[in-house]
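Q: Sequence:
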Amino acid sequence: MSEAAAWEPVHFSRLKLLAQSPAHYRVGHAARKETAAMRFGTAVHVLALRGEIVVFAGERAGNRWAAFKELVAGAEPYVYDGPHRGNAWKWAKEEAQGRPIVTSEDVAAAAAGRAIQGQRLAAGRYLSPIVTTAEYDVAARVAEKVRTHAVAGELLDGMHEQPLRWDRAGRACAGTLDVMGPRRIVDLKTTTKADPEWFPHHGRKLHYHAQLDWYAGGARENGHITDACFIVAVETTEPHAVTAFELSERALEAGARQTHLWLERLKGCEAADEWPEYVQSVVPFDLPDDDFFSTLTGL
Numbered sequence: 007m008s009e010a011a012a013w014e015p016v017h018f019s020r021l022k023l024l025a026q027s028p029a030h031y032r033v034g035h036a037a038r039k040e041t042a043a044m045r046f047g048t049a050v051h052v053l054a055l056r057g058e059i060v061v062f063a064g065e066r067a068g069n070r071w072a073a074f075k076e077l078v079a080g081a082e083p084y085v086y087d088g089p090h091r092g093n094a095w096k097w098a099k100e101e102a103q104g105r106p107i108v109t110s111e112d113v114a115a116a117a118a119g120r121a122i123q124g125q126r127l128a129a130g131r132y133l134s135p136i137v138t139t140a141e142y143d144v145a146a147r148v149a150e151k152v153r154t155h156a157v158a159g160e161l162l163d164g165m166h167e168q169p170l171r172w173d174r175a176g177r178a179c180a181g182t183l184d185v186m187g188p189r190r191i192v193d194l195k196t197t198t199k200a201d202p203e204w205f206p207h208h209g210r211k212l213h214y215h216a217q218l219d220w221y222a223g224g225a226r227e228n229g230h231i232t233d234a235c236f237i238v239a240v241e242t243t244e245p246h247a248v249t250a251f252e253l254s255e256r257a258l259e260a261g262a263r264q265t266h267l268w269l270e271r272l273k274g275c276e277a278a279d280e281w282p283e284y285v286q287s288v289v290p291f292d293l294p295d296d297d298f299f300s301t302l303t304g305l
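Residue numbering for the sequence shown follows my numbering, starting at 7 and increasing by one per position.
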């Protein structure tokens with residue numbers, strides 16, 4: 007590892023924020039809140055790749071939910087199986103002295119959850135999402151659709167959720183690769199539409215071609231022969247349609263140029279400790295000719 011290791015390794019999920027501005031990169035994940043879509047997508051990823059996720063048998067609200075999350079994170083619990091009302095509940099809260107109040111059932115479920123998170127951390131993987139039983143049921147159906155798909159199922163064969171570390175352009179880089187298969191890498195995407203015509207257009211806006219080049223470079227630097235890059239896209243709503251895409255050489259070349267430009271800009275910002283926003287001057291607010299003339303004609 008070079009002296010680039012002095013910097014925090016760059017992950018693609020943050021690097022692509024430079025497409026907005028260096029200021030957005032600097033804020034990074036601090037400004038990113040977990041959404042239901044993100045949580046669901048992560049659950050599908052883990053399940054489709056034969057991993058385990060943490061399941062909460064309740065609603066995502068109230069004291070029980072908050073306490074369960076704390077318990078999975080390692081907090082010391084106060085076990086109480088009585089009703090959450092009246093004097094008994096009042097005394098339980100006083101006895102807890104700030105500790106999360108949980109049922110015996112939740113203690114057992116949270117212990118299993120902590121074990122899952124510990125195993126994932128030990129393997130260098132991201133933490134499992136905590137999902138409700140209802141969320142788990144849907145995510146499991148989507149994951150099963152991917153695994154049993156005639157094409158996608160074969161593409162997912164290989165080593166799953168591989169943590170990678172490497173150097174690129176003098177900068178420490180990192181990432182977790184969904185699938186490292188024979189002479190290929192595969193990334194799994196949940197999407198609203200896996201339509202073969204719509205998805206590539208959507209993917210270009212989200213820089214998927216740059217992301218696959220990023221992972222391919224990391225895989226090669228870690229000794230994995232990579233001749234092909236694939237995206238498996240699965241829809242989050244029924245019928246959970248699945249489409250497998252192979253990235254062309256031209257798409258990957260464009261992705262490589264994009265990540266190179268981002269890395270060079272990042273190094274410049276780090277060296278100068280300057281993180282500009284979109285622009286530093288006044289910009290015009292105008293209308294395209296077609297829009298302008300339509301207001302004159304009323305069409």
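Calculated directly from the structure, the hints in this document are not laboratory data. The beta-carbon is built from N, C-alpha and C at its ideal position, and this holds for glycine as well. Heads up, a few of these hints could be off.
As the list claims (entries may be wrong) - Restraint-style ranges between C-beta atoms, simulated for each label pair: (1) Glu40 to His266: 26 to 34 Å; (2) Met44 to Ala247: 19 to 27 Å; (3) Lys211 to Glu40: 20 to 28 Å; (4) Glu283 to Ala146: 37 to 45 Å; (5) Val157 to Ala94: 35 to 43 Å.
What the hints assert, rightly or not - Pairs of lysine-lysine, DSS-like flavour, derived with a Cα cap of 27 Å: (6) Lys75 to Lys96; (7) Lys39 to Lys199; (8) Lys22 to Lys211; (9) Lys22 to Lys199; (10) Lys39 to Lys75; (11) Lys99 to Lys75; (12) Lys22 to Lys273; (13) Lys22 to Lys39.
Q: Straight-line Cα separation of lysine 99 and lysine 75 no greater than 27 Å?
A: holds, 18 Å
Q: CB of valine 157 to CB of alanine 94, is that within 35 to 43 Å?
A: violated, 57 Å
Q: Indicate whether the distance between the beta carbons of lysine 211 and glutamate 40 respects the range 20 to 28 Å.
A: Given about 22 Å between the Cβ atoms, the range holds.
Q: Just to be careful, I want the Cα atoms of lysine 22 and lysine 211 compared with a cutoff of 27 Å; is the pair within it?
A: holds, 11 Å
Q: If you draw a straight line from the CA of lysine 39 to the CA of lysine 199, is it 27 Å or shorter?
A: holds, 23 Å
Q: Measuring from beta carbon to beta carbon, are glutamate 283 and alanine 146 in 37 to 45 Å?
A: holds, 42 Å
Q: Looking only at beta-carbon atoms, does the pair methionine 44, alanine 247 fall within the given range of 19 to 27 Å?
A: Since the Cβ atoms of methionine 44 and alanine 247 sit about 21 Å apart, the hinted range of 19 to 27 Å holds.
Q: With a cut-off of 27 Å on the C-alpha distance, tell me whether lysine 22 and lysine 273 pass.
A: Judged against 27 Å, a Cα distance of about 14 Å means the pair holds.
Q: Check the hint pairing lysine 22 with lysine 199 against an upper bound of 27 Å on the C-alpha distance.
A: Holds: lysine 22 and lysine 199 sit about 22 Å apart, inside 27 Å.
Q: Okay, glutamate 40 versus histidine 266 on CB: inside 26 to 34 Å?
A: holds, 31 Å
Q: Would the pair lysine 39 and lysine 75 pass a check requiring their Cα atoms to be no farther apart than 27 Å?
A: Holds: lysine 39 and lysine 75 sit about 16 Å apart, inside 27 Å.
Q: Next pair to validate is lysine 75 with lysine 96; report whether the Cα-Cα distance is within 27 Å.
A: Holds, because 22 Å separates the two Cα atoms, which is no more than 27 Å.
When the structure is compared with the earlier hints, a violation turns up for hint 5 alone.
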